[in-house]
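4 protein chains.
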Amino acid sequence: MRGREVSVFCIPMRGPGDTQGLTRLIEGGRLNPFDIVAVLGKTEGNGGVNDFTREYATWSFCAVLAPYLGLSPKEVDERIAFVMSGGTEGVLSPHITLFARKDAAVSHGGRKHLSIGIAMTRPFRPEELGRAAQVEETARAVRSAIEDAAIAAEEDVHFVQVKCPLLTAERIEDALSRGESTVTKSGYGSMAYSRGASALGVAVALGEIAGPVPDDAIAKDWSLYSSVASASAGIELMRSVVIVFGNSPATSSPYRIGHAVMKDAIDLASVSAALLNTGLDLQMMSGEADRRRIVNIFAKAEASPDGMVRGFRHTMLDDTDISATRHARAAVGGLIAGVAGHGAIYVSGGAEHQGPPGGGPIAVIAAEEP
Amino acid sequence: MRGREVSVFCIPMRGPGDTQGLTRLIEGGRLNPFDIVAVLGKTEGNGGVNDFTREYATWSFCAVLAPYLGLSPKEVDERIAFVMSGGTEGVLSPHITLFARKDAAVSHGGRKHLSIGIAMTRPFRPEELGRAAQVEETARAVRSAIEDAAIAAEEDVHFVQVKCPLLTAERIEDALSRGESTVTKSGYGSMAYSRGASALGVAVALGEIAGPVPDDAIAKDWSLYSSVASASAGIELMRSVVIVFGNSPATSSPYRIGHAVMKDAIDLASVSAALLNTGLDLQMMSGEADRRRIVNIFAKAEASPDGMVRGFRHTMLDDTDISATRHARAAVGGLIAGVAGHGAIYVSGGAEHQGPPGGGPIAVIAAEEP
Amino acid sequence: MRGREVSVFCIPMRGPGDTQGLTRLIEGGRLNPFDIVAVLGKTEGNGGVNDFTREYATWSFCAVLAPYLGLSPKEVDERIAFVMSGGTEGVLSPHITLFARKDAAVSHGGRKHLSIGIAMTRPFRPEELGRAAQVEETARAVRSAIEDAAIAAEEDVHFVQVKCPLLTAERIEDALSRGESTVTKSGYGSMAYSRGASALGVAVALGEIAGPVPDDAIAKDWSLYSSVASASAGIELMRSVVIVFGNSPATSSPYRIGHAVMKDAIDLASVSAALLNTGLDLQMMSGEADRRRIVNIFAKAEASPDGMVRGFRHTMLDDTDISATRHARAAVGGLIAGVAGHGAIYVSGGAEHQGPPGGGPIAVIAAEEP
Amino acid sequence: MRGREVSVFCIPMRGPGDTQGLTRLIEGGRLNPFDIVAVLGKTEGNGGVNDFTREYATWSFCAVLAPYLGLSPKEVDERIAFVMSGGTEGVLSPHITLFARKDAAVSHGGRKHLSIGIAMTRPFRPEELGRAAQVEETARAVRSAIEDAAIAAEEDVHFVQVKCPLLTAERIEDALSRGESTVTKSGYGSMAYSRGASALGVAVALGEIAGPVPDDAIAKDWSLYSSVASASAGIELMRSVVIVFGNSPATSSPYRIGHAVMKDAIDLASVSAALLNTGLDLQMMSGEADRRRIVNIFAKAEASPDGMVRGFRHTMLDDTDISATRHARAAVGGLIAGVAGHGAIYVSGGAEHQGPPGGGPIAVIAAEEP
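Protein chains in written order, with this note's numbering: chain A, 168 to 537; chain B, 168 to 537; chain C, 168 to 537; chain D, 168 to 537.
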């Protein structure tokens, strides 16, 4: 049967402009640059409005890939889905996870393996961010990405990453100058709205909630959420990129993906459940061999909006020195790194409508054999 | 046999000036204010040089206790050992752990229970901080506190908390004006020196290392460390307060203390070992009843000085926006809170000579019965 | 003629709990504690939601004044108007300006001198902050304070300081639990709403704008503003304190007050105009004697909401590491300190509806003789 | 007479990767890219160790110039002296000042005009930073740059910009692994040492102080300083770039440069003196036409190391939330922008040995005609 082979590479970075690991993979013949479909990175910025490490890293990778692909850097950015999530607080370690795929024969065993699909939304106008228009357009792109991944059943979708735009003072002024109003006047605040609308788009596409979602439910009605959505807002683009991860019988990769939902920021039981869902076991994690089967863990973290974690007050939302997303990434990153055995994991901040309030989805990609 | 009864209360705080929980305990007849010997708190400041939440909380408790004890607030501060550690990053929750003791008959069973002892150093001059003079005077105070706790064997000492001074621009100028030089001209940097010298004082007192320790080993030779020392630097005092925790046959409390040493910031296995050492079990932690046996967990966190955690680069030491101690507390706090089931735990930053580089001691106080 | 004598003292602070300067004034017989009516302070916190230096300083002054006045600290807080503005960024220096007044004979010269009046609002509910209810109740208190100051004409009012509440995660939850909604869910964001509503209350009371002000103009319609209002939000109270400063023929103080309005954050010409309005001259400022006539300068600073200062982009609003109010205080503080010759000036952040967008009122209190 | 024509362009940036202003100049025929010799920029990072906006901006300009110059981006970086100073706190506005020069006939009038010269040091090893080796090699490069600028007399040198390296955790480890020790183990702290050594190199080259400078005077003996040195540390290079600005009879530009030394961070009189030295007048600054003669102002800012500004305590050095360099840039930027009339000025933090303690050099480039 014709299908696709999917490869995954986890590459440490020594700075947001460090592309040496990627170059070595290509020069060493281990990676055909034409097969690359997506790059999910953690870069060492503040993860906020003025985090330029995301666009710097994206442009560095585009520039280094351009000659290999015979494209301009801008064309590389249009060909490959780059999702850079800023913020490596605490023990988190800057790195990228690179996904490649190519056509290949797939055995008829019927066993499902890691598959990946991509789609993009149209560019958004500043006044659309955080509103129903963003939800609907995102849902459309998610459905398109599921098809691209050759995933047949919605329950085989385990992680949907959306990279979405944010507002800046300049973009807000642009909307105002055209007589439009934006959902908020705060650049930092807009990141929450945009992530929230993106996650609701995933939830609608997967039938987790019924659409359409009204404007005033976004970043407000926390009972609406997706169990597999992960959204990151970035200053460097005005459209969204959607990447769907799941298991498909049409893929021949040696990896599987599983997931669970953390109910709050300290939900160790759900970290363990996500491992189990992927075929791993927390107890096994003490052995190095088993630990190495983990390719990466993808999780969303947020400060619980009611100011409490299991009945105890947290101070993340009232801290004027450090943004709540940085606090949350550091704490959840510490917990998951403790389980994974290292900090090169993808913990992304701001989990609005991504899992229940204060919690978030957690997905694990693991090799089937040690 | 005559001995002492030790009580422990863990009280959430709604702000650094919130003393209502303490007042309720006293007014409800559950705590005799004359029995209070020590208060270890986590306050919601930055934990750095200009963290005034520590002195604000101390003064608030002194002021509220003063009329009960018939003392001035300043006299209360001299009677009770207050150790406020600033920084409740991530899921950490502001709270105090209050220790009380009184004379009581102790059964002849010989079983050891939680005991506590206190001592103070003489006031230090700015130029003594981070140098041999601080190590030696701290060691003297530790020995005095062990005696006060009626702990016979050094292996029964499980946690030694030292609250030590730091340098400010003003104190550095004071030394310079007298023709003396301080160990550093950075206020923030002085906190590391002072914590380091304090921890080495504990190590010397317990025979973990051989003294005397030369000036140039402090905050430099990381092979020297204590497995039970925890030091916090604060702007509000120029002498150190030492509190020794251990198990003693001369105590009748229903609590026991145990400890382990985290080898690095993600050492989940040692968190588990500390629970075991106290008679608990990580697996049991999934049950609420067993979790409630934990009274508190005390741990030190620091950014690994070589810039790596298990072979992966961390960015804590190169971050000019957030101090490394804040990063480390957030990450280690997230890990331990995941095990403890809540964030009202005592995770303190800056573990110089407290455990191996990048790691730190972790102690658990637990009730013997659920 | 019967009138009042007003005294002003500017006292440096070595920390938010430092009350020694005040004690010395009282013990030295230079200040009768019963005459104190208001204290405006700059404390060295972040000026944001979790700036506890404001309440710590207030608490410290109340505690030290309590025995002198034969009151409890809480009663002192109700008797004297304490306004602590957090944030001494850049060259700003922590200090308080203390105002005292007592009955005295006033000569019939008719010349006007510095006068001061105080009033308080009723406590606000969380859901009232940033809305019309806050505007109206503040306006009522301003009129009452003008009367208290014995100022006859509105043009003799030169500075109106309002200390107003802010929202915290807890207060927002409180409103939600009663079925009410707050104007924002962001604690930091609520400070802008509360300051804005307070300033509009001043504008309404002085007839600078016509009332009533609708909810949706607050923190939105920047064409509405007061030229003399200064509002600071603080976590420590739920009612507002209003202090009116102006010149009155019924006062015998050796001081005068004048003001101007800075059009933007770099409006040196208006700093100069404020000096002129008070009887001083920028050119004279080079002489030490003339400089010493300045008792204090009171100014509001804010990041221009359109992201520009005189056609050049600023980055204050897009900075996730440092809040915009801290940026603005540092910059405006640098400019005014350059003119005043020192940094012990009162520059307070967040000038919503206080002067035009990006600008703010500036008032100068000066001695009539060098 | 043969000489050189010097041009200067001040170009706003909308982000650290924004090169559109430069492209427009070239495409519009106003700038020949082969004439560009130096670019001094202010980028919107934190100006600290992990400020990647500096290298991102440099990289972006190199990439856009590469095809024009027929070079690789790396070769562009070697051809043109890029000095990016991070940190646009307060009203400071991101921009670059671009200097171009070409051979041209110069009239025999003998009047001196703005001239510029460039030189580079050899690459430094981590252990050389902040020590005598860096001072000496920098002095050598300064003398070479003066010659390149065709400046005959040392008093015609008005500003010497040095871009120097800093230490990172990785570089410190590198030195340690070779058995060498670095001057400090703090990345942020190393910036002060490297800037200090660079400034002393300028002072030695210009005869402002006598060499050789011993290791232990660097960042310690503040009586040694240069009145025209400006040093910025950046993570992106391990050698230093030196740019000398002065007036030369061999130049035909329509600009002149002058300077003064700010004695402290609020020294308005010296800002005025720098204008005068360049042929401008503070009083004239109120007129727009005169203001437009200012091309740019270059100044160094730092927190006074004794913790005081004119007898009043500042809090910059004890702030664990915001680094002292950010505080100082914001304050001094506010003062100078108030005089210049806009924030697109070059205020750079960390003035160790650049002017007296707490002060710094200030240079003005102005057009001779309005």
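Keep in mind that the hints were calculated from the coordinates and are not lab data.
Among the hints, erroneous ones may be present.
No copy labels: a pair is met if it fits in one copy or bridges any two.
Derived DSBU-like pairs: lysine-lysine, alpha-carbon spacing no greater than 35 Å straight-line [as the list claims (entries may be wrong)]: (1) 352 <-> 269; (2) 269 <-> 387; (3) 269 <-> 241; (4) 352 <-> 387.
Checklist entry - Which numbered hints turn out to be false for this structure? => result 1, 2
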